[in-house]
Amino acid sequence: MGEVEIRRSARRKRTVRAYREGDKTIVLMPAHLSKAEEERHVRSLVERLDRREQRVRPSDDDLRARATQLSTRWLDGRAVPLSVRWVSNQNSRWGSCTSADRSIRLSDRLKGMPEWVVDYVLLHELAHLIEPNHSKQFWALVDAYPETARAKAFLEGVSWQQRSAP
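Under numbering that gives the first Met the number 0, think of the first position of the sequence shown as 0, with each following residue one higher.
Don't take every hint at face value.
Restricting the straight-line Cα-Cα distance to at most 25 Å, the calculated cross-link-like pairs of lysine-lysine (DSS-like) are [claimed, not checked]:
1. Lys34 <-> Lys23
2. Lys110 <-> Lys151
3. Lys34 <-> Lys12
4. Lys12 <-> Lys23
5. Lys110 <-> Lys135
Simulated from the structure, these hints should not be mistaken for lab results.
Work the whole structure out from these sequences, hints included.
Structure (structure tokens):
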């Protein structure tokens, strides 16, 4: 189960909450709960956190590894994101990059699309870590990827189809 730290509070009346700080699980609970209730809540909350992390982590780890490969091959390793992850709340963009915190987010709508399309979007966002806008220098970086034109056309077709669907 790993290290668990219990923080009891007299001010907390009913709710029990857990979160992770590195490898440690912090559980916040009311001071009045019995030892048996504590054990039940801890077991349940740790299992829930583990399940949630298992759903997210594998694909994000794969995405991060792919970003490293693409940066090395096409950008001479100059783009080094701190976070690369799938998100479900991007419906009008295929990806986004926040250069301030070096994070890249790809729409989960890309899942199941050809690898060269996902690679294009990921490379596009990686290039923003080097050139924050869509300048000539930016497009020179992205256009080094040989599937750029094909991937852009593919995504335009998907977007057109989604707009045209009843």
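Hint-by-hint comparison with the structure:
{"no.": "1", "hint": "Lys34 <-> Lys23", "in the structure": "holds (20 Å)"}
{"no.": "2", "hint": "Lys110 <-> Lys151", "in the structure": "holds (16 Å)"}
{"no.": "3", "hint": "Lys34 <-> Lys12", "in the structure": "holds (16 Å)"}
{"no.": "4", "hint": "Lys12 <-> Lys23", "in the structure": "holds (24 Å)"}
{"no.": "5", "hint": "Lys110 <-> Lys135", "in the structure": "violated (29 Å)"}
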